[in-house]
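First to last, the protein sequences are chains W and S.
For the first sequence, the positions run 1 to 111 when this note's numbering is used.
For the second sequence, the positions run 1001 to 1113 when this note's numbering is used.
Treat the hints as calculated values from the structure; they're not laboratory data.
Careful: at least some of the hints might be erroneous.
Stated by the list, open to error - Listed below are several chain S residues computed to face chain W (Cβ distance under 8 Å; list not exhaustive):
#, residue
1, Y1033
2, Q1041
3, G1042
4, P1043
5, A1053
6, E1056
7, F1074
8, L1091
9, G1098
10, R1099
11, G1101
12, Y1102
13, T1103
14, F1104
15, G1105
16, S1106
Beta carbons: idealized from backbone N, C-alpha and C, even for Gly.
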Amino acid sequence: QKEVEQNSGPLSVPEGAIASLNCTYSDRVSQSFFWYRQYSGKSPELIMSIYSNGDKEDGRFTAQLNKASQYVSLLIRDSQPSDSATYLCAVSEEYGNKLVFGAGTILRVKS
Amino acid sequence: DTGVSQNPRHKITKRGQNVTFRCDPISEHNRLYWYRQTLGQGPEFLTYFQNEAQLEKSRLLSDRFSAERPKGSFSTLEIQRTEQGDSAMYLCASSRRGRDGYTFGSGTRLTVV
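Here chain S stands alone, though its shape is the one from the complex (with noise of 0.2 Å):
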């Protein structure tokens, strides 16, 4: 067990430009989540996959936001033309079942400048 691994850790970018993110998560983990968290709030929902499929996208993702999961195994995140509001700590976990607590990634640090 290698724990969920995100990539970059850090993420400088300049606004309008196009942005990936990549989490592996925990190999026995068939659920995948994606969050973002700004400072002085608690990490806010923005996806989230069983397996391949995406079953849950938030209400709060805007149509620049996409994330995919192909083959059920890594995810990647990608935000296009960047805002300064993007940026915030983009925090990934998984689990292996609905009602477990989630393991998090080390997270990718988003700067939008």
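Just chain W, same shape as in the assembly (with noise of 0.2 Å):
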């Protein structure tokens, strides 16, 4: 069973600082990894991919891959209210068939 592993949070910081979201995955052949954002009772949206070890950066989010320990991570500074959303981390299977989903992570950016 491949696994998605997320802190469920509430990760709670304040407006302007950096938020910390981690992600684990458990399939060693991996490919593609992926950040999405859903805000409540809307559908996820792509905010991120990632498919080389080492940082990517977009504008205020930063995605970071280590493949040898398993583990994908989105900084988002200068955080702001309107990014207090679900974090969802998916990865990919081998043949990048499918994503999996982690259960996500509550982030409150507080004012």
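Two chains, two separate frames, one set of hints: put the complex together.
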């Protein structure tokens, strides 16, 4: 059973701070890694993808991947109240046929 | 690009009834996925199509669930003899390649009473 583990939270950070979200996965041959944001009552929205070890930055978001440790993280700089949502980590299977999702981490940014 | 469209947005049905949901993917995406999500959980894989071929179906999916994608365009998900445990958000997503992230539709929220 391939698993993706996330701390359910809630993770509370003050406005302007850095939010750090973490995810571990069980399948060593996973090739593609994604972070989705999901507002309450809405569907998931893709915000970051990462395929190689290291960091990938996009605006206020940085995804970090360490395949040896089977660990992927998302940093959100200058957190805003509008970032308050559930963040889902998703990992592809070996041949990329489907994504396996974690249960998500609830982020609350306090103004 | 009009996004992934799902209909209906909400469905309330009595236990034992059949329901059918429709998904229209992004036109240039040949891969289409159905997921189910319950409160506090991440999306759970149900089935996947590449063009019109259904390539994988979750072992968690009972025989009451069936999906089709005629002509590799829109897809339908049918649940027969609904049970209260089927109450969930049913999400459709599409992608162009296997390693791409998905674009999700708005989902169909099913309530079985």
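Hints numbered earlier in the text: which of these fail when held up against the supplied structure? The structure conflicts with hints 5, 7, although it agrees with all the remaining ones.
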